[in-house]
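The residues making up each chain are set out below.
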Amino acid sequence: MTDLQKDIFDANIDEDTQKGKYLTFFIESGIYAIEIKFVTEIIGIQPITIVPEVPSYVKGIINLRGKIIPVMDVRLRFKKEPLEYNDRTCIIVVDVNDVSLGLIVDSVSEVLEIPDEEIVLPPDMNKSTESRYVKAIGKVENGVNLILSCEKLLGEEVFEESVQ
Amino acid sequence: MSRDNTMDSMLEMFIYETTELVTQLENIALDSNEESSALESEMNEVFRIVHTIKGAAAMMDFNSISSLAHSLEDAFFYIRENQPENVDYSSLTDVTLRTIDYIKEQIAMIQVDPDSARNNEGNDEEAEDILGEIKVFVSSLKGETQSADTQDTAKQEIILDDGVANADNNKDFEINLDKEHTGENEYKALLMFEDGCEMENLRSFKVLKNLEDMADIVSTNPSNIPGDSATTEKIKQDGFEIILRTDLGFEDVRNHLSSTLFLKELYVEPVQKEEEPQAISEDKQEKKEDDKGAKKPTPAKKAVAPAAQLNVKQSIISVNLEKLDKLMDLVGELVISQEMVVQNSELDGLVLNDFQKASRQLRKVTTEIQDAVMSIRMVPISATFHKMQRIVRDMGKKLGKDVKLELVGETTEVDKNVVEHLTDPLMHIIRNSMDHGIESTEDRIALGKPAIGTVTLEARDEGGDVRIIIRDDGRGLDRDKLLQKAISQGLVRENDDTLADKDIYSLIFKPGFSTKQQVTEFSGRGVGMDVVNSNMEKIGGKVLVDSTPGEGTVITLKIPLTLAIIDGMKVQVGDSIFVIPITSIKESFRVDTSSIILDDCNSSEMIMIRGECLPILRLHDYYNLQSATKNLKKGIVIIVENESNVMCLFADKVIGEQQVVVKPLPKYIKDVKGISGCTVMGDGSVCLISDVTDMFKF
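Protein sequences appear in the order of chains F and H.
Letter by letter, the first sequence follows residues -17 to 146 of our numbering.
Letter by letter, the second sequence follows residues 409 to 1106 of our numbering.
With the rest of the complex left out, here is chain F:
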């Protein structure tokens, strides 16, 4: 039973260190954030193998140390103009419900701690493409971050919608 308690204890610590932390990144001029617990790693841009018959924002698949994962261009997902990849372009590898996915972003900024009380729900009226993926808005010293919902970013219904 002591094992059990230790496990729970450990799990709590793990949870605590990740809680309230967000990875922020740029798409065009906007700053977006995703919860750090989803992030596996950040890698530079890699050669991408094109896969036919998928929505345009799914750029293809990459080889991440033998594991093959799909990559999505967040720019295209937000229906923004494509930008040629450069040194600053990053792939954020996220793991949501056991699905690994690479998110191609313009550049990665930093890891921020945003306390719960500084996070507010987004206004309901905005119907633009990117706002569908915005889960909340975090207030920080020099402005606001749009906190994205990883689940929705990968979301199936949205995926199928775009195929149509």
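Please keep in mind that the hints were generated in silico from the structure rather than gathered at the bench.
Check each hint, because a few of them may be wrong.
Said to hold, decoys possible - Estimated spans, in silico, between C-beta atoms of each pair:
| # | chain 1 | residue 1 | chain 2 | residue 2 | range |
| --- | --- | --- | --- | --- | --- |
| 1 | F | Leu103 | H | Gly1064 | 51 to 61 Å |
| 2 | H | Asp509 | F | Val93 | 55 to 65 Å |
| 3 | F | Asn79 | H | Leu732 | 21 to 31 Å |
| 4 | H | Met748 | F | Leu103 | 42 to 52 Å |
| 5 | H | Met748 | F | Asn79 | 25 to 35 Å |
| 6 | H | Leu729 | F | Val93 | 37 to 47 Å |
| 7 | F | Asn79 | H | Lys946 | 39 to 49 Å |
What the hints assert, rightly or not - The calculated lysine-lysine pairs, modelled on DSS-like cross-linking and capped at a C-alpha distance of 27 Å, are:
| # | chain 1 | residue 1 | chain 2 | residue 2 |
| --- | --- | --- | --- | --- |
| 8 | H | Lys1071 | H | Lys731 |
| 9 | H | Lys1061 | H | Lys1075 |
| 10 | F | Lys19 | H | Lys966 |
| 11 | F | Lys49 | H | Lys731 |
| 12 | H | Lys1071 | H | Lys946 |
| 13 | F | Lys49 | H | Lys1078 |
| 14 | F | Lys61 | H | Lys1075 |
| 15 | H | Lys1081 | F | Lys134 |
| 16 | H | Lys1071 | H | Lys950 |
| 17 | H | Lys1078 | F | Lys62 |
| 18 | H | Lys918 | H | Lys857 |
| 19 | H | Lys806 | H | Lys857 |
| 20 | F | Lys49 | H | Lys978 |
| 21 | H | Lys1041 | H | Lys1071 |
| 22 | H | Lys1075 | F | Lys62 |
| 23 | H | Lys1078 | F | Lys61 |
| 24 | H | Lys1078 | F | Lys19 |
| 25 | H | Lys1075 | F | Lys134 |
| 26 | H | Lys772 | F | Lys49 |
| 27 | H | Lys1075 | F | Lys117 |
| 28 | F | Lys61 | H | Lys1081 |
| 29 | H | Lys824 | F | Lys49 |
| 30 | H | Lys1075 | F | Lys19 |
| 31 | F | Lys134 | H | Lys1078 |
| 32 | H | Lys1075 | F | Lys49 |
| 33 | H | Lys946 | F | Lys49 |
| 34 | F | Lys49 | H | Lys1081 |
| 35 | H | Lys1071 | F | Lys49 |
| 36 | H | Lys824 | H | Lys946 |
| 37 | F | Lys61 | F | Lys1 |
| 38 | F | Lys49 | F | Lys134 |
| 39 | H | Lys734 | F | Lys49 |
| 40 | H | Lys918 | H | Lys1061 |
We treat Cβ as the ideally placed atom computed from N, Cα and C, and that holds for glycine.
Use these hints to put chain H onto chain F, whose structure you have.
The following block gives chain H in isolation, referenced to the frame of chain F:
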């Protein structure tokens, strides 16, 4: 949490072990079906299996399994013990198989929900039914052989039941001490068990049970056998004393008792009405010495057999398949990383003799590792073949046909994943052969064939493929009947002369195709053979049929050794590289414009090759890719085929042949038309693998 985990892993172990054991038992039982003797010759093995199942089930608290195993053990025990002459091995096999089925069912239930499986067993009619059947079987044996019993007793071996005593087993523990004592001689025996042999009470009970048939028990001390822990203590301290009456002589009784396992000391003495203490004590002393020498060999002999079995067992370990997959992935990565190092562009232009030598060595070792890992995944096909024994036996009984199954090359090894896909097709083919192919016994005799039908199941290696050949000596396929049916179902045109026999025979694999008027328990719906085809397609195999009327049918399954590695041809389309499995490529060539036919109406292209007109599929159109060579003359045409279709693919160029490790596409992307998976190339880039079968649906 931690407790649950142990419980889970114990349960997993129990399920795994019991499944293995049941399979072993089934194989033995089925062997005995043919020679009527394997259950007899393998008696010790059978005992070990049934006993282990019983013990494990009792430990895990699955009482219905343990009690069933217990009574099956009783039946075998009786046979071994008394060696009756007219054992009906066929019905013994039936009972054993039924028990096996029941245990299998239970295990399936346990896998889903252990607790409900435990609770359900109290009112399980099936178990009761089988228990009844075993009882009937045993009593019929006893009826036949009771008279022979007493003569054979000297040969008897005593088996100690060191299993776990169940509360519900207690009814078996009743021993009738009040029998009439008819024997001539009365003896008093004292048995001391070895220290630490455990369960002295049960051992004592077994001794009594064994004596039952040859002698009458007058009294015992302690008297409440098997009793509780107090009894055990008493036996441990003072030994177990029996007073018995029998017709047998002194030596016989002593020999019989001395074969008890874990016996430390044994004293046997005749009981006289007027006791003569002096003589007895002398006798005791003498006996003690004698026994020490005499009884040694028996336990030793017994100990040898299980030990040998243990050694065999220990050389095999079971490994989670996931771990193997992981290992395989890692080896794949190792190969890729090695290429990255050896072919690193920074080395270009340098003269590195030692480096080249070392890297050749490295490459050799990694190739060996790769082969070794692949071979771990290979399993002999025998397990699948043995399952078929069961089907042949059961169907034979139900259809009233006498059929024997011959197995050839059952040690042939194939990839684990492939084996999993083989059971169903084999089952359907064999069912089909038995139901349609093999004639009834009377017909066979009338035709001058051997009365017993034969189905041969053969496996053999052939290059990169394994061939499984299923041959029966039945009536063969009826070409005309098949053709008629096909015409009436609109599968072929009437008066089509181009159909070869092979094509007509292959019709049996079409879904919903059955020439049988009547749907029976076994066949007639036209589903089974379709399963064969679809399963073969899944593993990249092929089915070939051949048949000679009156002589039988041969169905050949051509399956790849492994699913994980394929030989592929790399072709370039635009900026992308696709891998086309070599097995589906017929040929590739550059086209001559004159042979191209354009159909403007539905904008399709065709090509005339050696009098055959084939459609062209442009891969860049199909995959919607940019900047491909549009001019047919500049690219290359690859002819591909699957079971029944042939067509041409048009690509920019062919890069070369390569063995590739197949990986599935990420779940997120799901199914993509014309793509069956992907692979990582030597330079770390990812290529897609074309699915030719899917392309025919364009």
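Verification of the supplied hints:
1. F:Leu103 / H:Gly1064: 51 to 61 Å: holds, 57 Å
2. H:Asp509 / F:Val93: 55 to 65 Å: holds, 60 Å
3. F:Asn79 / H:Leu732: 21 to 31 Å: holds, 26 Å
4. H:Met748 / F:Leu103: 42 to 52 Å: Since H:Met748 and F:Leu103 have Cβ atoms about 48 Å apart, the given range 42 to 52 Å holds.
5. H:Met748 / F:Asn79: 25 to 35 Å: holds, 32 Å
6. H:Leu729 / F:Val93: 37 to 47 Å: At roughly 38 Å between Cβ atoms, F:Val93 and H:Leu729 fall inside 37 to 47 Å, so the hint holds.
7. F:Asn79 / H:Lys946: 39 to 49 Å: Violated - the Cβ-Cβ distance for F:Asn79 and H:Lys946, about 27 Å, lies outside 39 to 49 Å.
8. H:Lys1071 / H:Lys731: holds, 16 Å
9. H:Lys1061 / H:Lys1075: violated, 30 Å
10. F:Lys19 / H:Lys966: Given that 27 Å is the threshold and the Cα spacing comes to 48 Å, the pair is violated.
11. F:Lys49 / H:Lys731: holds, 15 Å
12. H:Lys1071 / H:Lys946: It holds: about 15 Å lies between the C-alpha atoms, which stays within 27 Å.
13. F:Lys49 / H:Lys1078: holds, 16 Å
14. F:Lys61 / H:Lys1075: With Cα atoms ~24 Å apart, F:Lys61 and H:Lys1075 stay inside 27 Å; holds.
15. H:Lys1081 / F:Lys134: With Cα atoms ~25 Å apart, H:Lys1081 and F:Lys134 stay inside 27 Å; holds.
16. H:Lys1071 / H:Lys950: Roughly 22 Å between the alpha carbons, so the hint for H:Lys1071 and H:Lys950 holds.
17. H:Lys1078 / F:Lys62: holds, 25 Å
18. H:Lys918 / H:Lys857: Not satisfied, since the Cα-Cα distance of roughly 31 Å exceeds 27 Å.
19. H:Lys806 / H:Lys857: The given pair, whose Cα atoms are some 21 Å apart, holds under the 27 Å limit.
20. F:Lys49 / H:Lys978: With Cα atoms ~21 Å apart, F:Lys49 and H:Lys978 stay inside 27 Å; holds.
21. H:Lys1041 / H:Lys1071: Status violated; Cα separation ~34 Å.
22. H:Lys1075 / F:Lys62: Holds, because 26 Å separates the two Cα atoms, which is no more than 27 Å.
23. H:Lys1078 / F:Lys61: Holds, at about 22 Å.
24. H:Lys1078 / F:Lys19: Between H:Lys1078 and F:Lys19 the Cα gap is close to 25 Å, so the pair holds against 27 Å.
25. H:Lys1075 / F:Lys134: holds, 16 Å
26. H:Lys772 / F:Lys49: Roughly 24 Å between the alpha carbons, so the hint for H:Lys772 and F:Lys49 holds.
27. H:Lys1075 / F:Lys117: Holds: H:Lys1075 and F:Lys117 sit about 24 Å apart, inside 27 Å.
28. F:Lys61 / H:Lys1081: holds, 25 Å
29. H:Lys824 / F:Lys49: Answer holds: H:Lys824 to F:Lys49 is near 22 Å, not above 27 Å.
30. H:Lys1075 / F:Lys19: holds, 21 Å
31. F:Lys134 / H:Lys1078: holds, 17 Å
32. H:Lys1075 / F:Lys49: Status holds; Cα separation ~12 Å.
33. H:Lys946 / F:Lys49: holds, 23 Å
34. F:Lys49 / H:Lys1081: Given pair F:Lys49, H:Lys1081 holds - Cα atoms ~22 Å apart, limit 27 Å.
35. H:Lys1071 / F:Lys49: Distance ~9 Å between H:Lys1071 and F:Lys49 Cα, so the pair holds.
36. H:Lys824 / H:Lys946: Roughly 14 Å between the alpha carbons, so the hint for H:Lys824 and H:Lys946 holds.
37. F:Lys61 / F:Lys1: violated, 30 Å
38. F:Lys49 / F:Lys134: holds, 23 Å
39. H:Lys734 / F:Lys49: holds, 11 Å
40. H:Lys918 / H:Lys1061: violated, 37 Å
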